[in-house]
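A.B. asks: In order, the protein sequences belong to chains A and B. The C-terminal position of the first sequence is numbered 229 in my numbering, with every residue numbered one higher than the one before it. The C-terminal position of the second sequence is numbered 350 in my numbering, with every residue numbered one higher than the one before it.
These aren't lab readings, by the way, just hints derived from the structure by calculation. Everything numeric in this text was worked out from a predicted model, so none of it was measured. Treat the hints with care, as some may be off.
Residues of chain A placed beyond 12 Å of chain B at every Cβ, according to the derived structure [stated by the list, open to error]:
(1) 15
(2) 20
(3) 56
(4) 119
(5) 120
Here are the simulated distance ranges between beta carbons [as the list claims (entries may be wrong)]:
(6) 8/A x 258/B: 52 to 62 Å
(7) 25/A x 296/B: 19 to 29 Å
(8) 247/B x 12/A: 52 to 62 Å
(9) 163/A x 256/B: 24 to 34 Å
(10) 20/A x 326/B: 26 to 36 Å
(11) 103/A x 285/B: 25 to 35 Å
One side of the interface only, derived from the structure: several residues of chain A facing chain B at Cβ under 7 Å [claimed, not checked]:
(12) 39
(13) 86
(14) 204
(15) 211
(16) 212
For each residue, glycine too, the CB sits at the ideal point set by N, CA and C.
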Amino acid sequence: MSHEYIPEIATSRDGTKYEVQGWQDDFYGGKLGFWLFMFTEVLMFGAMFMVLAYYNTLHPHEFLEASASLNRLLGGINTVILLVSALTMGLSLLKMRVGDVKGAKLMIYATMLLALAFLVIKGFEWRAEYNHGIFLMHGEMLPESGMAFGKKLFFGMYFTMTGIHGFHIIIGIGLMIWLLKRINAGKVSPEHHILHWNIALYWDIVHLIWVFVFPYYYMIGAGGVTGGH
Amino acid sequence: MGTNNTTIDYKKERSAYYKVLIGLLLLTAVTFIQPHLFMTESTFVAQMAIAVVKAWLIIMYYMHLKGDSLIGVMGIFSLVIVATFFIIVIGFDVANFQYGAESHITGPASAGVEHATPVHH
Numbered sequence: 001m002s003h004e005y006i007p008e009i010a011t012s013r014d015g016t017k018y019e020v021q022g023w024q025d026d027f028y029g030g031k032l033g034f035w036l037f038m039f040t041e042v043l044m045f046g047a048m049f050m051v052l053a054y055y056n057t058l059h060p061h062e063f064l065e066a067s068a069s070l071n072r073l074l075g076g077i078n079t080v081i082l083l084v085s086a087l088t089m090g091l092s093l094l095k096m097r098v099g100d101v102k103g104a105k106l107m108i109y110a111t112m113l114l115a116l117a118f119l120v121i122k123g124f125e126w127r128a129e130y131n132h133g134i135f136l137m138h139g140e141m142l143p144e145s146g147m148a149f150g151k152k153l154f155f156g157m158y159f160t161m162t163g164i165h166g167f168h169i170i171i172g173i174g175l176m177i178w179l180l181k182r183i184n185a186g187k188v189s190p191e192h193h194i195l196h197w198n199i200a201l202y203w204d205i206v207h208l209i210w211v212f213v214f215p216y217y218y219m220i221g222a223g224g225v226t227g228g229h
Numbered sequence: 230m231g232t233n234n235t236t237i238d239y240k241k242e243r244s245a246y247y248k249v250l251i252g253l254l255l256l257t258a259v260t261f262i263q264p265h266l267f268m269t270e271s272t273f274v275a276q277m278a279i280a281v282v283k284a285w286l287i288i289m290y291y292m293h294l295k296g297d298s299l300i301g302v303m304g305i306f307s308l309v310i311v312a313t314f315f316i317i318v319i320g321f322d323v324a325n326f327q328y329g330a331e332s333h334i335t336g337p338a339s340a341g342v343e344h345a346t347p348v349h350h
């Protein structure tokens with residue numbers, strides 16, 4: 001087996017041989033380490049949400065107006081896409097755990113397709129906004145333009161956060177390609193699936209971030225300028 | 230690579246995944262109808278409350294945190310840290326901000342849409 005563990009041997013001065021403790025089969029340690037990484041993601045996005053909330057308290061009406069101008073249909077479709085992709089990724093892990101490697105790979109391919117669909121829709125959305133003169137350092141977002149300042153802050157944060165989130169989606173696709181290669185190489189298997197487990201966790205945190213990004217940007221202005229505060 | 234030697238009830242776990250999916254889809258539907266149906270004067274609070282319920286479902290069932298007390302405690306600890314800073318920044322700093330006139334980001338804070346351009350000095 002390619003993942004066969006060969007223990008390291010240490011020899012003392014008197015020639016006695018000792019087996020060095022290995023952690024290659026430490027499933028919980030691998031999972032715990034990845035959770036620590038995910039907490040750094042929460043802290044990063046948490047800081048951005050704090051900035052967003054700070055600006056929101058300063059410019060509440062402009063935030064509602066800007067939010068109302070976003071395309072809720074496309075945002076909603078992307079929400080459902082990510083939701084279903086979290087299911088397919090979860091099912092891929094479940095299938096791997098019960099030994100259905102082929103089924104697991106199919107579910108990973110489905111997740112990748114959904115991730116690509118998310119990016120394409122997000123691309124259309126950004127393009128429409130760009131054509132309306134709303135993009136970072138462009139048109140209405142330039143300092144000298146007449147757009148209300150609070151809206152500039154809103155859209156600035158919107159492009160920053162959805163951009164970083166989109167970057168995480170791209171990384172996720174890359175990780176899934178890597179996972180497929182590892183499965184094909186026999187290095188991820190029903191018996192040794194911590195990599196699969198952690199990439200599924202990564203995909204869940206990407207989904208989790210969107211669960212808060214979507215209502216904060218797209219929905220707070222849905223009830224009109226008096227509804228959100 | 231590590232191993233996870235717990236026994237797996239495939240049908241039960243798959244059923245849980247689908248149940249959570251239905252729950253999340255229903256909550257997403259509620260997200261869309263809420264601004265027109267209930268708590269219409271508090272859309273922000275309602276939206277965030279729905280998001281918290283969705284997040285709880287994802288964390289507990291999709292991220293398998295249910296029954297994992299160590300990681301759960303770590304998660305709560307991290308959230309408490311973020312929430313503490315959040316309260317300090319929003320509750321104290323913003324509430325008592327004294328330099329609105331000098332700041333480029335707070336210039337128009339005293340007014341609504343009609344005074345929306347920043348004050349430059």
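A.B. asks: Take the hints in turn and mark each one as holding or not.
C.D. replies: Do the hints match the structure? See the list:
The Cβ of residue 15/A sits about 33 Å from the closest Cβ of chain B, beyond the 12 Å cut-off, so the non-interface label holds. No beta-carbon of chain B comes within 12 Å of the beta-carbon of residue 20/A; the shortest separation is about 18 Å. The Cβ of residue 56/A does not lie farther than 12 Å from every Cβ of chain B; its closest approach is about 8 Å, which violates its non-interface assignment. No Cβ of chain B comes within 12 Å of the Cβ of residue 119/A; the nearest lies about 20 Å off, and the non-interface call holds.
The Cβ of residue 120/A sits about 20 Å from the closest Cβ of chain B, beyond the 12 Å cut-off, so the non-interface label holds. At roughly 56 Å, the beta-carbon separation of residue 8/A and residue 258/B lies within the given 52 to 62 Å, and the hint holds. Distance hint check: the CB atoms of residue 25/A and residue 296/B are about 21 Å apart, consistent with the given range 19 to 29 Å. Between residue 247/B and residue 12/A the beta carbons are some 57 Å apart, a value that agrees with the proposed interval 52 to 62 Å.
About 26 Å separates the C-beta atoms of residue 163/A and residue 256/B, a value consistent with the hinted range of 24 to 34 Å. Restraint check, residue 20/A to residue 326/B: a C-beta distance of roughly 57 Å breaks the suggested window 26 to 36 Å. At roughly 28 Å, the beta-carbon separation of residue 103/A and residue 285/B lies within the given 25 to 35 Å, and the hint holds. The closest approach between the C-beta of residue 39/A and any C-beta of chain B is roughly 5 Å, which is under the 7 Å cut-off, so the hint is satisfied.
The interface hint given for residue 86/A holds, since its Cβ lies 6 Å from the closest Cβ of chain B, which is under the 7 Å cut-off. Because the smallest distance between the Cβ of residue 204/A and any Cβ of chain B comes to about 5 Å, under 7 Å, the interface hint for this residue holds. About 5 Å separates the beta-carbon of residue 211/A from the nearest beta-carbon of chain B, less than 7 Å, and the hint is met. Because the smallest distance between the Cβ of residue 212/A and any Cβ of chain B comes to about 5 Å, under 7 Å, the interface hint for this residue holds.
Hint compliance for this structure: hints 3, 10 are broken, all remaining hints hold.
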